[in-house]
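Trainee: Throw the hints in and build the complete structure from the sequences for me.
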Amino acid sequence: MNKARYTNKIPEDRGEVIKVIEEVKKPVKVMILGGVDSGKTTLAVFLTNELLKNGFKVGVIDSDVGQKGILPPGLISLGFPEKVFNSLEEIKAEKHYFVGTITPNQFFGEMITGVKLLVNEALDTADVLIIDTTGLIHGPGVELKRMKIEVIQPEIIIALQKKDELENIIRPFEKKAKVFRLKISENAKLHTREERRRIRREKWRKYFEQAQEYTISLQNMMISGTWIFQGEEVTKKEKEMLENLFKWIIFHGRKVSNKYFVVKADIGNFPRNFNKNTLLTCDFENLSNLIVGFIDKEGFCLGLGILKFINFREFTAQIITPLKKEDLENVVELRFGRIRVREDGEELGLLSREAL
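Counting in the numbering used here, the final residue of the sequence shown is number 356, and the numbers go up one at a time with none missing.
Hints were generated in silico from the structure; no laboratory data involved.
Source: prediction; values computed, not measured.
Estimated spans, in silico, between C-beta atoms of each pair:
1) N187 <-> N220: 48 to 58 Å
2) N277 <-> K26: 46 to 56 Å
3) D13 <-> K53: 13 to 23 Å
4) E346 <-> R313: 25 to 35 Å
5) V142 <-> T215: 44 to 54 Å
6) N168 <-> K247: 42 to 52 Å
7) Q210 <-> E240: 36 to 46 Å
8) K325 <-> R193: 30 to 40 Å
9) E22 <-> K276: 53 to 63 Å
10) E354 <-> G268: 18 to 28 Å
11) V142 <-> R193: 18 to 28 Å
12) R205 <-> G15: 32 to 42 Å
13) K26 <-> G231: 42 to 52 Å
14) N277 <-> R205: 39 to 49 Å
Quick reminder that beta carbons are idealized off the backbone N, C-alpha and C, glycines included.
Mentor: Right, dumping it as structure tokens:
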């Protein structure tokens with residue numbers, strides 16, 4: 001189910017990295033950069049295991065939200081393995097930060113905030129902190145990696161590259177960190193988009209296989225990641241006006257400043273033109289099978305749920321989650337994600353940030 005597994009069959013230059021990590025002042029932060037299928041996670045597993053065998057306390061931050069090793073996808077996770085392991089999946093997460101999607105696009109704030117908060121948590125415990133990143137290294141990915149490095153300030157940066165595709169990212173930091181430029185291993189395996197989807201499907205399925213359904217009151221719970229409960233509820237007159245004007249059934253509507261936001265279903269299939277600067281809409285069906293995060297008072301994610309239905313009249317939500325009832329008592333906030341997933345692991349699609 002995981003692409004990366006522990007192996008000793010690695011290029012010699014990886015051993016040189018181990019020597020430097022062992023010799024530098026602790027704690028030390030090590031960030032691994034590389035494109036898709038460059039072997040980042042395989043390297044993270046190797047480094048962690050070798051350091052564990054040499055007696056170091058190692059923390060691992062898995063921030064590759066789409067191809068997560070530490071379950072589940074959609075989160076940034078921190079774990080402290082205590083013994084040699086084969087894949088990141090074997091690591092029990094100490095803390096999670098909720099991103100709620102499988103791609104960092106449109107979610108740079110969450111990606112940077114999550115890694116920074118988990119780094120802060122880890123440095124009280126770890127001698128060495130290994131930070132695995134996404135494969136987004138071009139276009140906006142350059143800026144994401146730059147900002148992440150600036151915020152985290154790793155002492156060691158490892159760049160896995162074929163030619164010089166990471167130079168735009170790492171060159172500005174050569175005087176601030178020890179930079180290793182490593183060639184991508186010839187054993188690195190390429191995966192198709194369908195293979196990646198299949199791997200994620202199995203991870204989603206495994207995470208939710210023991211899930212139970214709960215009816216959760218939203219009355220006293222903070223709701224974030226969405227416009228749905230911001231501002232003031234629209235009046236009956238405003239609701240009827242919008243329904244008549246655009247031929248909608250409106251389940252719920254809010255007025256945020258001078259902008260309306262409505263959860264609706266279309267009556268009939270025809271174009272509807274309106275000014276998106278004053279009116280935003282969410283299709284009611286998009287709230288079904290939506291990933292949500294249960295957030296504790298520290299801002300960390302206790303676990304994921306799949307939203308099945310919102311009863312806007314009673315202000316309750318039906319959600320399935322592997323969390324136990326006693327875990328839910330520590331939840332202070334429900335955060336909406338942007339990917340729809342069934343409990344069997346099948347992904348139903350991504351939503352844009354503006355969709356909710």
